[in-house]
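Chain by chain, the residues run as shown.
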Amino acid sequence: MYSEKVMDHFMKPRNVGEIPDADGVGTVGNPVCGDLMTMYIKVKDNKLVDIKFKTFGCGAAIATSSMTTELAMGKTIEEAMKITRANVAENLGGLPPIKMHCSNLAADALHEAIKDYQKKKEAKK
Amino acid sequence: MWRLRKVYMDHGAGMPLDSRVFEAMKPYFMEYYGNPSSSYSSGNIAKEALAASREKVAQLVAAENSREIIFTSGGTESNNLAIKGVAYRNREKGNHIITTAVEHISVINICKFLQKQGFEVTYVPVDKQGVVDLEKVEAAIKDKTILISVMYANGEIGTIQPISEIGKLAQENSIIFHVDAVAAAGKVPINVKEENIGLLSISSNDMYGPKGVGALYIKKGTKTQPIIQGGGQETGLRSGTENVPGIVGMGKAAELAKKEMESEGKRLTGLRDKLITGVLDTIDYSFLNGHPTERLPNNANLRFSYIEGESLILGLDMHGIQVSSGSACTSKTLEPSHVLLAIGLAHEEAHGSLVFTMGKQNMEEDVDYVLEVLPDVVKRLRALSPLTPKEILR
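Heads up: the sequence lines are chains A and B, in that order. Position 4 of the first sequence, counting from 1, maps to 3 under numbering that gives the first Met the number 0, and the rest follow consecutively. Position 181 of the second sequence, counting from 1, maps to 180 under numbering that gives the first Met the number 0, and the rest follow consecutively.
Treat the hints with caution; some may be incorrect.
[To be verified] With a straight-line cut-off of 27 Å between C-alpha atoms, the simulated DSSO-like cross-links for lysine-lysine are:
| id | chain 1 | residue 1 | chain 2 | residue 2 |
| --- | --- | --- | --- | --- |
| 1 | A | K11 | B | K359 |
| 2 | B | K25 | A | K51 |
| 3 | B | K83 | B | K222 |
| 4 | B | K389 | A | K41 |
| 5 | B | K141 | B | K219 |
| 6 | B | K25 | B | K359 |
| 7 | A | K51 | B | K378 |
It is worth saying that the hints were derived from the structure and are not from the lab. These figures come from a predicted structure and were not determined experimentally.
Okay, chain B solo, but in the shape it has when bound:
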């Protein structure tokens, strides 16, 4: 219809493949298609490719040994392996898990699943900016606590958690610490050793790698068990023939992310802050969700009173701008985002939120364009809304 410019700002939902990653993957589809478990030469090529990728992913998170990296099918599987593996293996020791109210839906649903099997889960609340209260985590620890699972950063509101502090707490109490770093890996520096992390989930597509690949860092000596049984690949923790092209892609993506993180992080932070300031300055009754500074460099979650997120998405899409929302109307459940409710927003406030997640191809002109289009879209929808006070329409 009216699309003038294409601005994609939903990198939290899906990222394009980096062309250098694509190039690295190409030979592993039709040329080096051997099975890494085979002993002949083409198998060895695949095996070596896996080892090289494992090393690159290990370097991204500062793991001591690349053998601590297990490749999976993505963030959700990594979270499943991490939480279920630890829970089942350590059941003799205890049945209590501590997590937070703002975790990714995969972590929340894994925990709910375990609750049905007799595990007890404490969902620690967060403050208005989405930060986990360390004292509440400490207060939740019991003799039977076997696992603490906290996300590195929230993909929706961008808030980065005090991971080092929680890691220290877990270590002092000899509790295994899992971190879902799907939204954070490749964007902010992670050091599993310094931050006392026992298990760390990462996803390839969240750093310009292919979809359908992920990894789980498992610190040497961590008591866990597989959730997929089979031929014993990935040191027995994840059976099934390895997705060699995907893993090669993830390795390349990890290498590039590590190399470019600092400069790209600075650039994105500049764009993010320009967008946030621009919106808050030009649109009345708009608010920032999440922490103002302790947030992912590419995330801006903004809330607009009196209007609903899905209609905002459609209105922006008509101008070629693609973003996401925390509104119920864009979900499968018709419930607004649990993250927005957990930071204390009322349902109607949660409905009016937009998530902008920027990426490599976003330029300053894209932010300018959003700042040019968004105020009019908001104004138009407010004029339609029975909730809008008359005085702000003028």
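Okay, chain A solo, but in the shape it has when bound:
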């Protein structure tokens, strides 16, 4: 059902965990629906220098979370905001159609984390 790449990210997810002093945190999904993910980001000089995630969900949810952190790592805020669900799925060698919308939420979680970072930055000014 899943591509080899998905299985690889599922079995060996990259960047798992939390960042206690994160600059931004974004959570999307709902355990009632079966998918919940939280992204933590660390920003330096407008770049994402560290990203970590925690995910409750199916194989696709875990793999897309892992792939999103890989795609975004080292990118500028603007570049990271351009990462889409489609990019994530494409880099994983595709996802089963039914998983495209329900479990492919990681890009949204990343964007939420960046918005959180921007809001906090605004508040500090």
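Got chain A; can you put chain B on it based on the hints?
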């Protein structure tokens, strides 16, 4: 990838063919291919094979007469014939059907279909262990009730229903009683006479027979009608040339199931209880779904907090263990199992359930292997989950 050992524990989804069943079927593909309706000798051979299989299936469920057995294409068709046949034929008498909230999806969807045609259906709830409340069934009976349909045992959570009691209730109220015994037949003894059963659905593949064959027991005198029209095979209740090799296979499977039920049931119950106890003892925040004792000998449905079933399935598959889940992510509808919701689980709890259904080829070593692998898979997924409380990760 890492597959070390192959452990198949999803017999509820599909069973291997018993080699003795395969042997019995073989001649009916290329040697005895005659149509049972034909009058010449090869037709007669097929006809006799059908009669012998009918007798074996009748014996499995203790039917009085083998003519009360109608062969179908499987459990789903048997349920369709049973429920629609009775509903359409008895419409003059009434339009009310009683069933339960935990029936197989085929029964639920047949009932929904009938509701659109003006039938009224009461879905009786179950308790936390999945057992139907007899008083609620009784309370649901009205003048217009024509059918009560309750499954013998639930294939997902394993719970066995109080069939005899419901059968008695149906008989006292002169209501036709249908039992979906697809998950139970061949695993636990069934006696249609003693249990007052009017119609009983069974499937061949659920007892090591071929896929695509099933049967419906219809007690003599039950008012029903066919749902497939044609050449009038199966006493007019199921037209279409009979699947002779399949039916021969089902007959053999029924014969073997009857003969081996007691010893195999004991063996599987031992494995099941070892698995359940082992999991509950070694994995914190794990729970058994369904009834602890009134359950199918081969079924263990276990729930793990903070994680999701499909990822558990994938994690176990990497170690060669094949099981099933009640999670939405493994379904076509994205809804968690209606059975798990009916026993009162929250959506997130239902998502974290695994169904182990064991079979003939499972040995004690397989259970040991699952008990060795599963705790690590659960631990790994919990470490990934934002829902896991920190204190249980240590």
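Against the structure, the hints come out as follows:
Of the pairs offered as hints, the one joining K11(A) and K359(B) is violated, with about 34 Å between alpha carbons and a cut-off of 27 Å exceeded. A threshold of 27 Å between alpha carbons decides the hint, and for K25(B) with K51(A) the separation of about 58 Å lies outside it, so the pair is violated. With a CA separation close to 11 Å, the supplied pair K83(B) and K222(B) stays within the 27 Å bound. With a CA separation close to 22 Å, the supplied pair K389(B) and K41(A) stays within the 27 Å bound.
For the suggested pair K141(B) and K219(B), the alpha carbons sit about 25 Å apart, so the restraint of at most 27 Å is met. With a C-alpha separation of about 22 Å, the suggested pairing of K25(B) with K359(B) holds against the 27 Å cut-off. The suggested pairing of K51(A) with K378(B) holds, with an alpha-carbon distance near 19 Å, which does not exceed 27 Å.
In this structure, the earlier hints numbered 1, 2 are contradicted, and the remaining ones agree with it.
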